[in-house]
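Those sequence lines, one after another, are chains E and C.
For the first sequence, the positions run 103 to 213 when the numbering used here is used.
For the second sequence, the positions run 7 to 119 when the numbering used here is used.
Please keep in mind that the hints were generated in silico from the structure rather than gathered at the bench.
Take these hints with a grain of salt, some might be off.
Unchecked claim - DSSO-like cross-link-like pairs, simulated, lysine-lysine; straight-line CA separation at most 27 Å:
id, chain 1, residue 1, chain 2, residue 2
1, E, Lys158, C, Lys101
2, C, Lys9, C, Lys76
3, C, Lys63, E, Lys128
4, C, Lys9, E, Lys158
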Amino acid sequence: SQQGEEDPQALSIQEGENATMNCSYKTSINNLQWYRQNSGRGLVHLILIRSNEREKHSGRLRVTLDTSKKSSSLLITASRAADTASYFCATPQTGANNLFFGTGTRLTVIP
Amino acid sequence: DVKVTQSSRYLVKRTGEKVFLECVQDMDHENMFWYRQDPGLGLRLIYFSYDVKMKEKGDIPEGYSVSREKKERFSLILESASTNQTSMYLCASTKSISYNEQFFGPGTRLTVL
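Just chain C, with the same shape it has in the complex (with noise of 0.2 Å):
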């Protein structure tokens, strides 16, 4: 069975921390995807990386950025968390693009106080 694993389920933090979300998948995949998930807004990507070292903006990548060393792991970095960026967060991969299914981690529920 394909594995998406998130560093944490829930998490707390205070505006202006940096704050790091990460993703590690176990099935080999070139492509690695973060999203945000706000009600009446369904999934958002923030962005996306098909390499190691590659990353591709999404819709809303302001506020955060991503780091791919390594080609099972992939991190959201928040730079300067802000009250807006609560939200929840999910992390998906892929083999392919067009006709493979993205297998999605168990999401982290971000609160910026």
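Only chain E is shown next, with the shape it has when bound in the complex (with noise of 0.2 Å):
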């Protein structure tokens, strides 16, 4: 029953570049979210954008939403090793109080 799918799987770069992560989802939604994984540890959430929402931005973050599409996008901007984490998208399941999380994109900026 997993909704979310990001694309990558994996995505190395170098520190100061730009990295772009993308998610896919089935159904329709309210909201859509980005968590950040480090290594070994719990999720943190990073950015939450609503089905009226197009763009939003935090800090170096940016997420996208398309939901004609059905996709997000999250970008990360002047990329710095401390970003090296596993990203996921997550969408709140309809009806029901949890969400869907995808399989995540694990991103490596070389310093």
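Mind assembling these two chains? They're in different frames, but the hints should get you there.
What follows is the structure in structure tokens.
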């Protein structure tokens, strides 16, 4: 019943470059969330975008949402070594209290 | 700051043992969740609870049970641990359903020998 799928599965970039991760989902949603997970730790919420929003910014993060294509992207600008982590998108399950998480994109930022 | 704590960071148990994983949150959240995370499979929901003494099965409840006797505490129980339950277990909580973020604990890496 997993809904979100991130692309690519893994991404390796040089420090200072931008990183773009994509998420596709299957059903209608009222919001989409992005989380980060450092190796061996819990997930940390990064940003939430509502279905009536097309773009949202938070610091070096930019999230877009295209409900017609059922897709979202997360852009991290001017990446740093500390951005090395796995990034997950999550969407609420319709009529339920839980989120569906994708399998994640593993980002490595090389100093 | 919201804080979600889990009783152990690492746990090693033997096949057949009864295992308790505890999760506590300090923000008066109604909803609490247990996930397991395995390579290539992402996070899968085991059980969740939206109120004291209430529980709902997630996607993979087999082999697990839960207990929510107090609002701040949500326990995951492996009645008879098996090697295929070796995994990272993550607890999360949230105030409401759709528009609020989930707050996660640091995770418990369980190894069943």
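Each hint tested on the structure:
1. A C-alpha spacing of about 22 Å is found between Lys158 (chain E) and Lys101 (chain C), which places the hinted pair at or below 27 Å, so the restraint holds.
2. Proximity of Lys9 (chain C) to Lys76 (chain C) is assessed by CA-CA distance (about 16 Å); at most 27 Å being required, the pair is judged to hold.
3. A hinted pair counts as satisfied when its Cα atoms are at most 27 Å apart, and Lys63 (chain C) with Lys128 (chain E) qualifies at roughly 22 Å.
4. Distance check on the hinted pair: Lys9 (chain C) and Lys158 (chain E) sit about 26 Å apart at the alpha-carbon level, within 27 Å; holds.
Comparing the model with each numbered hint stated earlier shows that all of them hold.
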